[in-house]
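S.K.: For reference, the chains in residue letters:
Protein chains: 2
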Amino acid sequence: MTIHELPTPALLVDVDILERNLARMQDRANRFGVSLRPHIKTHKCIEIANHQMEMGARGITVSTFYEAEQFAAAGFSDITWAFPLPPVYAVKAAELNQKTTLRLVIDSKEAKDCLEKIGRVNGERMHVWLKVDCGYHRAGVDPGSPLAEELVRSLNESGNLIFDGILSHSGYAYNARNREEIQQYAEKERSVMVEFAERMRSTGHTVPMVSIGSTPAMSAAEHLDGISEVRPGNYVFYDYTQVMIGSCGVSDCALTVLASVVSHQPGARHFITDAGALALSKDAGPTHLDNDMDMGIVYEDYARKRLHPHIHVRTLSQEHGKVVCSDPTSIEGRFAVGDTVRILEHHSCLTAANFDYYYIVKGDEVTDKWKILRGRT
Amino acid sequence: MTIHELPTPALLVDVDILERNLARMQDRANRFGVSLRPHIKTHKCIEIANHQMEMGARGITVSTFYEAEQFAAAGFSDITWAFPLPPVYAVKAAELNQKTTLRLVIDSKEAKDCLEKIGRVNGERMHVWLKVDCGYHRAGVDPGSPLAEELVRSLNESGNLIFDGILSHSGYAYNARNREEIQQYAEKERSVMVEFAERMRSTGHTVPMVSIGSTPAMSAAEHLDGISEVRPGNYVFYDYTQVMIGSCGVSDCALTVLASVVSHQPGARHFITDAGALALSKDAGPTHLDNDMDMGIVYEDYARKRLHPHIHVRTLSQEHGKVVCSDPTSIEGRFAVGDTVRILEHHSCLTAANFDYYYIVKGDEVTDKWKILRGRT
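In order, the protein sequences belong to chains A and B.
Taking my numbering, the leading residue of the first sequence gets 72, the next gets one more, and so forth.
Taking my numbering, the leading residue of the second sequence gets 72, the next gets one more, and so forth.
Just so you know, the hints here were simulated from the structure itself, not pulled from any lab data.
Because the structure is a prediction, the values reported are computed rather than measured.
Take these hints with a grain of salt, some might be off.
Distance condition first, Cα-Cα at most 27 Å in a straight line; then the derived DSS-like pairs of lysine-lysine [stated by the list, open to error]:
no.: 1; chain 1: B; residue 1: K442; chain 2: A; residue 2: K440
no.: 2; chain 1: A; residue 1: K180; chain 2: A; residue 2: K163
no.: 3; chain 1: B; residue 1: K433; chain 2: B; residue 2: K376
no.: 4; chain 1: A; residue 1: K442; chain 2: B; residue 2: K180
no.: 5; chain 1: A; residue 1: K163; chain 2: B; residue 2: K442
no.: 6; chain 1: A; residue 1: K442; chain 2: B; residue 2: K440
no.: 7; chain 1: A; residue 1: K163; chain 2: A; residue 2: K188
no.: 8; chain 1: A; residue 1: K442; chain 2: B; residue 2: K188
no.: 9; chain 1: A; residue 1: K163; chain 2: B; residue 2: K440
no.: 10; chain 1: B; residue 1: K163; chain 2: A; residue 2: K440
no.: 11; chain 1: B; residue 1: K188; chain 2: B; residue 2: K163
Covered by chain B, per the in silico footprint, the following chain A stretches (three or more residues, Cβ under 8 Å) [to be verified]:
no.: 12; region: 124 to 138
no.: 13; region: 364 to 378
no.: 14; region: 390 to 396
Computed from the model, here is a short list of chain A residues facing chain B with C-beta under 10 Å [claimed, not checked]:
no.: 15; residue: V86
no.: 16; residue: L89
no.: 17; residue: A145
no.: 18; residue: N246
no.: 19; residue: N249
Don't be surprised by glycine CBs; every beta carbon is placed ideally from N, CA and C.
Could you put the whole structure together from the sequences, leaning on the hints where they help?
M.R.: Now the structure itself:
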C-alpha cells in the first residue's frame, strides 16, 4: 500500500528519520554518561517506546496517569510521571505502583503529605522526585527558597517515601533563537540543578539523582557533568518549532500530515484541505521569532525535504485548513480537488495527540500502522 | 458521586443549561419555519444527538467520515457530511449510503465527476449539496461565477445524483463584535443564498432546498425567509467566544473543564493546573476583540455563573495550564495544591475533542458519563 491510498488527513511517520533520531539521542546520552528516560508524551506509542528501550533507554517518562496505566499494562516496568502529582490521583498511583515502578513528582508540602499518608496507611513506599524551577517559572520549587531545602530534608527523612532526587524541565529553551542560545539555556539548567544538588549534599542531605531535560537542550548541550538522567521527548519526531529555534533541520522532522485538497475555486489564491485544527492543532509555533510559516507549511518536494516557500496553512478551523499562496503562480493549475499535500506541523506532540494511528512509511510505501494512546482517564 | 471525586482534568456538562440550549434552538427553528439539522461535530455524542432528534431535529450534520460512520452505526438515518468531499472517501461514502441516507457536499467539477462515476458504476444515487461561498471565502463556489451555474445545471441534469440544493456556512459571523453585527452577517448569508436560489430557479433550474447555518447567525437571526434548513452546532454548549461576539451570555455556557491545582509556589502570582493544551485546546478565541481572557478563565462562583475578573489561564503547554492573577490578593492563601478550579474555555468544540467522556452534572452531582466519539478513520 502507498500513501496515495490512505484516508486523509493521515499522520505519517518517516521511519528512517525516526530511527536516526532515536539512535542519535541515545548516542548523545551515552557519550555524556547519562541515562536516557525518554518522554513518551510526544508519541504515546508502544512500538516507539519499545524501540527506545531496546536502544538503551533506562525507563520512560509520561505526562498523564492514563499514559502511566497504558504503558504499565504493556509491560513497562519503570515509569516516571513527570508532572506535579494531582492529589486526586494519589491512591490510584499507589495501586499502579504495585504493577510497575511508578516514580512521582511533587513540589509542595500538600502533595508530599498526601503521599506520606498513603505510605503510612497501606505501606506502599513510592518513589518521589522533587521538581525544581531552574528558571522556566512554570512549576517547581525555587532552589534558593526555604521550601526547597525543607522538602529535600523531609523527603530524605521520610520512612514512607523513597527520594529519587531532583528533577527539572528547561522549557525556557523554547525561547531560544539559535543553537548557541539553546546551549546557554541548557547550561543554565544543568548548573542550577547541579549547584542545588551539591549545596544540599554539602549540608548533609542525600540527593540520589539529578534529572533534567527538554529536546532543545538535549539536542544542543555540550556536556552534562553532574547530571544523572535526561528526559527529552519531542526529538523522536522533531517539528518546525524545533527547526526554527535551532534544535534540528527540516530533514530531521519525521512526522507529517497528509491532507487532501477538498476545495480550490478558479482563480483563487487559496485552497482548502481536510487538515484542520483537529489534525494540525492550533499551536502557532514560536511567537518570538520571525515565524514565516503561519499554522503549517506545505512540502514542495518531500523526498528532498524541501518546503514550499510560498504555500502556507494560513488559518485552521475545526476540520478545514486554508492554505494560502503568497505567489499566485505557485498554485495556478495545481492543487486540484483530490490531490494530496504533505504538511510539516509546528508542534508534533499536539499534532500526534489528534490522531488514533501513525502510518509508518518508507518513501511512499506504508509499512505499518501503530496505535496512538491518546486517551484520558 | 460529586465532581470533587472526579479524576482531573474532567469535562463537565451542565445538563440544565444543555437542555435549555437544545430547546431554545429547536424553538427558534420552529418559529422561523425551518428544519433544524444540528451539527454534531461540537459534541460528537450519541446521547446529545438523540436528544436533539427527540426535540424535532430533521437529521444530523457531521464534519468527518468517521462521525458519519459512527452515527450511522448508532441508527441515525439521515446524515449530511457538511464538508467538501475528499475524493478518496467517495467509494466508502457510497457504501455507507446503503446503511443510512448520507448527503454529500461538493463545490468542484472534480468531486462531482467522481460521484457521477460511482453512480454509473454501482448504481448508487447519492444525495449531493452544492456548497456556496456566501462571503466567508473558505470553501464553496462564488454564487456569481459561471462555475456555480454550471454545477447547478449539471447536478439538475445528473441521472446518477440527487441534487438536494445549496448549502453555506456563515463562518464570518465569528468576526462580529456584538449581536447587531451578527444579525447583519446572518442576513447577508440568508439573502445571498436566497437570491442565488431564486436566480437559478428563474433560469429553469430546480433548487430543492437552501441550507445555511452557524451558531452565531442562528442565535441572532431575525427571520429566515426562503431558507429550508439550518445547521448550527456550537449552541449545545456555547463558549466564551460566543459570549464575546454576542451570541449568548456566560449563563448559557454548558461546558466547563474541572482542573486540579498541581503547583502553587509561596508568594507566586501564578499557579499551575492539569488542564493544558490537551484539555482546553490552543484556541485563543476572537483576536479581533479586546480579548481579556487569555486561554481560559476561572469561575469565581460557578453556581452564580460569575467569572473571576483577575484569574486567567495565561499559557498552555501540553498538560500544564499556567493560571495568572493580575491582582495578587486574589490568590493569596487560596488555590492550594489539591484544590480544583472550574474553567470556561474559548472554543467548546475543540475542547470537547480533547476528551473521551463528558461528565453530566446537576449542581455538583455527577448524574451520568457520556462517550465522545472523537476518533479518526
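S.K.: A separate judgement is required for each hint: does it hold in the structure or not?
M.R.: Right, here's what the structure says about each hint:
1. A distance of roughly 25 Å separates the Cα atoms of K442 (chain B) and K440 (chain A); the hinted pair therefore holds under the 27 Å criterion.
2. Between K180 (chain A) and K163 (chain A) the CA atoms are separated by roughly 19 Å; this keeps the pair inside 27 Å, and the hint holds.
3. Note on K433 (chain B) and K376 (chain B): the hinted pairing holds, with a Cα-Cα distance of about 14 Å set against a maximum of 27 Å.
4. For the hint pairing K442 (chain A) with K180 (chain B), the CA-to-CA distance comes to about 36 Å; that exceeds 27 Å, so the pair is violated.
5. Using a Cα cut-off of 27 Å, the hinted pair K163 (chain A) and K442 (chain B) holds, with the two alpha carbons roughly 22 Å apart.
6. For the given pair, K442 (chain A) sits about 25 Å from K440 (chain B) by alpha-carbon distance, which is consistent with the 27 Å threshold.
7. The suggested pairing of K163 (chain A) with K188 (chain A) holds, with an alpha-carbon distance near 14 Å, which does not exceed 27 Å.
8. The suggested pairing of K442 (chain A) with K188 (chain B) is violated, with an alpha-carbon distance near 35 Å, which exceeds 27 Å.
9. For the proposed pair K163 (chain A) and K440 (chain B), the alpha carbon gap of about 20 Å is at most 27 Å, so the pair holds.
10. Note on K163 (chain B) and K440 (chain A): the hinted pairing holds, with a Cα-Cα distance of about 20 Å set against a maximum of 27 Å.
11. Between K188 (chain B) and K163 (chain B), the direct Cα distance comes to roughly 14 Å. Compliance with the 27 Å bound is thereby established for this hinted pair.
12. Figure legend: the region 124 to 138 of chain A, annotated as covered by chain B; annotation consistent (3 residues with Cβ-Cβ distances under 8 Å, at least 3 required).
13. Evaluation of the coverage hint for the region 364 to 378 of chain A: breached, as 0 residues show C-beta separations to chain B shorter than 8 Å, against a requirement of three.
14. Judged by the Cβ-Cβ criterion of 8 Å, the region 390 to 396 of chain A is covered by chain B as claimed, because 3 of its residues qualify and three suffice.
15. Residue-level restraint check for V86 (chain A) is violated (minimum Cβ-Cβ distance to chain B is 21 Å; threshold 10 Å).
16. For L89 (chain A), the shortest C-beta to C-beta distance to chain B is roughly 20 Å, which exceeds 10 Å, and the interface hint is violated.
17. Interface hint at A145 (chain A): violated, since its Cβ lies 19 Å from the closest Cβ of chain B, which is beyond the 10 Å cut-off.
18. At its closest, the beta carbon of N246 (chain A) sits 12 Å from a beta carbon of chain B; the interface hint therefore is violated under the 10 Å criterion.
19. Taking 10 Å as the C-beta contact cut-off toward chain B, the hint placing N249 (chain A) at the interface is violated, the least distance being around 22 Å.
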